[in-house]
Every structure is written in C-alpha cells, then in structure tokens.
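Chemist: Residue-level listing of the chains:
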Amino acid sequence: MSAPVLRLKGVNKRFGGVVAANDVDLDLPPGIVTALVGPNGAGKTTLFNLITGNLKPDSGAIELRGRSLADIDPRGAARLGIARSFQDLRLFEQMSVYENVLSVMECSALPWQPGGGAAARARRDKADATLELVGLTRWHDARAIDLGYAEQKFLSLARILVTDASLWLLDEPASGLDPASYDRFVKLVRGRLADGITICLIEHNLDIVQGISDRIAFLDQGTVLAAGEPRAILNDPKLAAIYFGERR
Amino acid sequence: MLFLQLLVDGLQLGALYALMAVGFAVIFGSTRVFHYAHGTTYVIIGYLFYWLAERLHVPWWLAAAFAAFAGVVFGVALDRYVYRPIQRDEGSFFTVFVASFGIGVVAENIIIILFGASFVSISTPLTRAADVGGGIVVSYLGIFSVLAAGLLFTFLNWFLARTDVGVALRALSENPELVRGFGLNPRKLSQYTFALGSLLVAPAALVATCVTGLTPTAGHRVVLISIAASIIGGIGSLRGAGLGGLILGLAESLAVWKLSTGWSEAVAFVILLGFILARPSGLFGTRARV
Amino acid sequence: MVGYILNLLILVSISGILAASLNFIIGYAGIYSMAHAAFFGIAAYTGALIALHVSTSLLVAIPAAMAMCAALSLVISLPSLRVRGEYFVVASLGLQMIAFTVFSEWKDVTGGLGGITGVPIATLFGYKLRSLESFLVVSLACLAFVTGVIYVLARTSFGRSLRAIRDNEVAAAAFGKNPTLVKTIAVAISSALCGIAGVLYAFHVSFVNPETFTVDQSVLIMAMIIIGGTGTVFGPILGALIIHLLPAGLTYLTFLPARELASMQQIIYGGAMVLLMIYRPSGIIGRANLKDTWSK
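Residue numbers (our numbering), protein chains in the order written: chain A, 1 to 248; chain B, 1 to 290; chain C, 1 to 296.
Next up, chain A with everything else stripped away, as it sits in the complex (with noise of 0.2 Å):
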C-alpha cells in the first residue's frame, strides 16, 4: 500500500474533563473511501476540526503527504487541496443552487478572479455540468433555503464536487437519504476515486457504510478502537456492543 494522504500520529484533545481525542492514529490511504464510525459523541467531528485547523489538537501529529498541518487554519486547509462538507450542511442559504457552486470556485477576495473571462466561463460550464451530474438542473435558480431535503445533500456534495481537492472530509454526507437516491449518491462519490480522489466520512447508519467504503476506522470515547476492513469490524459483537448498547 502507497504512502497515507494523511497521518495522524498521537493526537489528544481535550474540553474540560471531556476526551475528545485520545491518542489517536490514523492514516488515511490515497484513493479508496475511508469510514469513520462510531456512537454519538465519539469524536468524529472533532478529527476532522482538527484536520482543517478549526481546533488545534493538544498534543501529536498530523500531516497532509508529509507536510504538517499543525499551522492551519480552515483556509489553508482549503489551499492545500483539502475539501469538507458539513453534518449541518452549512449552504449558502439565501443564495441561488447556482451560486452555492460556482462561489465555490471562486477563492480570490478581490472584486475579480485570476484567468479573466475564459477562466470565469470555464468555472461556469463547470457549475453547470455538476449540477447536471447530480441532478439538480431543474434548481438551478431556486434558492438553497428553498430545496427538499434530498436535494440539499446532493448540493452539499455538488461543492466538493466542483473544486479541485485531492482529499475530502464528508461528514455524514448520506444520512437520511432513501435508497434510490442514497445508491445515486454513492455512484458519485465512488465515482471520483478513480482521478485520485481520497475521501474520508463520517457515516452514523452501519447498514449502509459497508456499501461506500473501503475500510472502516471505529471510534468510541475519542479513541481508535480499530480499523481495517469493513466486514471485519461490523461483524465484531464487541464493537457492536458499544455502538448499540451500554453507552448511553
């Protein structure tokens, strides 16, 4: 197996009295589908905060292909080619389906983007073509707000679709979605791996995360219980047991 994408070595994080993380390692391989699972509370979330900089870990490692994230912030997460997607989605409400692509692209602060009009035709050819790609043409100007349920999912990964990172952090990206449009969904996902896409996600349903993923990293309490191949760890009784038993 090719050197991780990302490494985490011995990483603590700490609120009070609350474990976040606790001595965590994890890597995640390039190109196949990583799956964080785990109760409520295991600190999932807060692994990715403190992959993308939102939190700073209290002690150990992480780093992006050798290259420590220890000095970055949301941003550069984004620089450097890392994209996330949120359990609360976090649109653009107010803005058009539209537009929550194509600003996505759009990163430069000034009242223009670098490569002039040829660059800003191709970006919006690409909103176009994503939003073909998963389905939500028909919403093109409808308002974010606006959108059923399903289609906000699909928009949130229509985001990440559209930029160029090489590592996306998803998380709970499918949660709640009915089957059609959950298989739809994971065609997508799966679908980018081959251009050298590596994806990490948070997934809560242990019914459908054997579908999507290609190996499963198990939380509980901020701590790596395990991790390997998916069959392997959901046919595990112990671990079964914390997910659904006496933690409450």
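Think of the hints as simulated: they come from the structure by calculation, not from any bench. Misleading hints may appear alongside valid ones.
[What the hints assert, rightly or not] Simulated coverage check for chain C against chain B, where a stretch passes if three residues somewhere in it have a Cβ under 8 Å from a Cβ of chain B:
hint, segment
1, 68 to 80
2, 102 to 110
3, 207 to 220
4, 270 to 278
Even for Gly, the Cβ is constructed at its ideal location relative to N, Cα and C.
Chains B and C: place on chain A using the hints.
Modeler: Same frame as chain A, now just chains B and C:
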C-alpha cells in the same frame, strides 16, 4: 495638586461607569441581547427624577426612588414586549439591536418634545463639596457614587452567589440550553436580569442629573461606555465590566490633565478601539471566540 | 415651489446614495455599521476644504473624499473584522463618537462647532453648477452611478463571496474564501461610495458643521434601509424617499405643532423600526419573512 484631584474625580466617575457597565453586562451575559436602550433607561430615570423633584417639588429621595423604579419597569417591559417576541421568531443579534435603538430614538424624541433639547439639572444641597485636605475637593454626590457602587456590587455579589435566581442567572450566562433543561423558566429569569441591569444604571442617572445635567441624547454615550467597559473587561465577566468602567472613568478624568474636556470624551472610545485591535477578549474574557 | 421640489430631490438623491452604500454592507454582507454618518461627515469636510483651498471641481473633490473615507474605514475594519461581527458594530459606534468629537474640537481644520461656511459653487469640467437643475442632474447621475456599481458588484464573484460569507462564514472559509479581507474591502467600498454623498452635500448647502453628522444621522440612514428593505437595490432609495417625504406629509397634519415636527418624524422612524423588527424584519420591499420558507 491637580493630578490627585483628577484622580479623585476619576474614581467617582469610574464608580458610576462601573455600575452602568455591569448593568449592561448582566443583561448581555444572560440574555445575549445587545440592549442599546440601556442608555434610554438612564435618560428616563434622569428625566423622571428631574421632573418629580424640580418641577413637581417631590422630596428628592422619593423622586429618586420612583425614578429608579420606573427605569426598572421600563427595562422589564422592553424585554417582555419587544425583545422576547423578536427572539421567539429566531431574531438575529442585529434584529434585536435595531429594535433596541429604535426604542432609543422614540424615547429620546418624546423627551425632546416634553422637555426640550437642552440641559436640565437639579440643584440640590448634595452637590456641595467638602475640602478633605491638601486642596482636594470631594463632593457629597461623589461620595454617594462610590458608596452606591460599593453597596450595589456587594448586593450583586450576594445575589448571584446566594439566591436561587442569582445562581440561575449565572448558569444562564454560561449555558442557556442548560437552564431550560433544568426546568427553570428562562422568561422569568430574563425579567430579573433586566430589572437588575436597569437598577444598576439608576445611581449614574441620578447623580448626572444633579451634577453635569442631562440631555435627551445622553443615552448614546452611556450605552457606548457600558459596551466599551464590557469589552475592555472581557465579555462574559461582570467583574471585568466593573473594572473596565473604573478604568474608563479614571482615563477620562485624567485626560483632562493634558486635553480639553471636549477631547477627553473621546478617550474612552480610543481605548475601546485599542482593545478591539490588540486584545478583543479583554482583560478577563471568558467567552470562547467562535 | 419648483425650487423646493428641486431641493428636495437633490436631498433625496444624496440620501439615496447614503442608504444604498450602507445597504451594500448591511444587506449584502450582514455587516451593521453605525459609522455611516461619520464617513458622510469626513467626506463633507474633505470636500469643503478642497473646494476652498484646492479646486472646486467635483472631479477632484469626489475622488479625494472617496479615498479618504476608504482609508479611514480601515481604522474600524482592520481591528474588528478579524473578530466577530458584533465587535464591528461597537467599533463603528466608537468611530462615530470619535469623529463627532474631532469635528467639534479640531477647530483649526474643521472650524469647530461653527463648522466651515462659504463653500464655493461646484464646477464640473470648468462649468459652474450654479442652478439647482444642473446640480440635480449631477446628483442623480451620482446616484445612478452608485446604484450601478452596487448592482454590478453584487453579480460578480465578489458579490457572491460577500453573500456566501454573510450566509455562512464557516463554510465560506472552509472552501478557501478569506472572510476578513472580503469584508474589509466591502466596508472600504461602502465608505467610499458614501463619500460621494458627502461631497455633494457640502457643495449643495455650502456649509458643513458637526450637527449634521451625529449618531442620530447614522440611525436615520439605517432607518431608510430598514424601512425600504435590505434585500433589493431599490429598497434603500425608496426608504430615502419615504423619509424625506414624511416631513412634507406631516406639515399637512396641521394639528401637529410645527416646532416638534423633527422629533415627530424621528418617533415615527424609530417606531417603524421597532415594529418592523418584530413583524417584518426584511422591510417593506424586502423578501418575505424567512419563516415562510420553513415548510419542510
């Protein structure tokens, strides 16, 4: 010597600023309302005091008590009829803010219609001053200011630490959701908050009416000093707000040493901008900056 | 009568510029500024001084005032936009108060409470704008310019970035945008456009004094936007119109004492703001209440 006199004056001013600031901070800390009308409470108390004492010749202590009470009623009413309805509708911070200064504008102009736009003040024997030696002059009202601050802060300390409502208010400022979870009634709590915050502004209003005089637009400065003190002291810290008020009072008074009175009024805001630039969490800020 | 109407329209144009430029940051960026009257004043004083000592040409005074306002806006935006939006409101209030003190106390430059009088007539390409008609044409042209600039900017990538940051700053940053820089530029643009109004005002009334540039004026500008609606390009202009027509309308209610008219207006605006915030936060023209869309 001039410096000492300015220091003494600064302490008196600082005591009043500290009271205003803590009043604002109590409200903001517990309800997250940017209570711009805090300045309006001040003006209402002051003008009512003036009207009762000077125009209707009510004994000053009665007038003062009534005016303070009216201020409290105003604060609580504002919470009940304006802030709460907005917050119920998922009103944002700014919606509440706009409504708050809308109230301020309305009240300010009603007062202009009733009392005119220029200074009003009360002449009382309390404005007399005494020479305490070394050429330093301390007025009775100055002593009153410091005493009032001391008394009210002691009361506040006791209230927040020892009474059920007080402890609940502290909990509210740490974690609003928690309060609901414990079955406490946030509505009642915010009433207490506004009552308390508005009461704290009373001494400053009463003293100002006697000493410097009052104008209808005085409220702007009051709320701005209160906010500045809260930011300097650190949002989330009542002690910080009090200290911030004291610092601002001292700074403004001492500034007269080198600057004219006009310029010295701007000192507070320069300090405010400085803190926002260099240390936005203030001296004792407890709130996380997210 | 004609003169009265021309004068009114000029003032409405100036207020329209003030309201539109403030709406650029309030409506599109969600940044609430209380310092707009301060920038209005800074531009007015700059314009007056340039007219008296350098040149009466609008083509000199306006760009100078715009540059001045944009530069000074950095005084509040650089420190406070790094932190949360609420700090910006406070910082802007602070700047407003400081500006008023400077206008009143810096007697050598601003003339203190008396202000600056005798501002000469404006010229444009050498042509003196002596008549009200000509000045109105220029004012309307400036209003059109400001409205046009805002309209275009809103549709560019910058406008989209601004709105994205307003809608969800965390997500915007996560996708690589620079919220602080974008907001700082927006505030500078807003202040600069406001500067145009200041210069026009100084030339139109030929004097400048601190009384015009108080917190109450900042509040009045904000009232125009709130009443007219923040979500559209024309809302602020409508708000400006309403607020200027109101006094005229009030004079017809003869039972109201004339002395108190100014205060009555303010009471009406203040009351309107409060009621709107409770019942219709997006103003008279603004989009329907967000609540209506929570139908899921």
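Chemist: Look at each hint and say if it fits the structure.
Modeler: Results of checking the hints against the structure:
1. 68 to 80: It holds: at least three residues are needed, and the segment 68 to 80 of chain C offers 5 whose Cβ sits within less than 8 Å of chain B.
2. 102 to 110: As far as the segment 102 to 110 of chain C goes, the hint holds, because 3 residues have Cβ atoms under 8 Å from chain B.
3. 207 to 220: holds (count 4)
4. 270 to 278: holds (count 7)
Hint compliance for this structure: no hint is broken.
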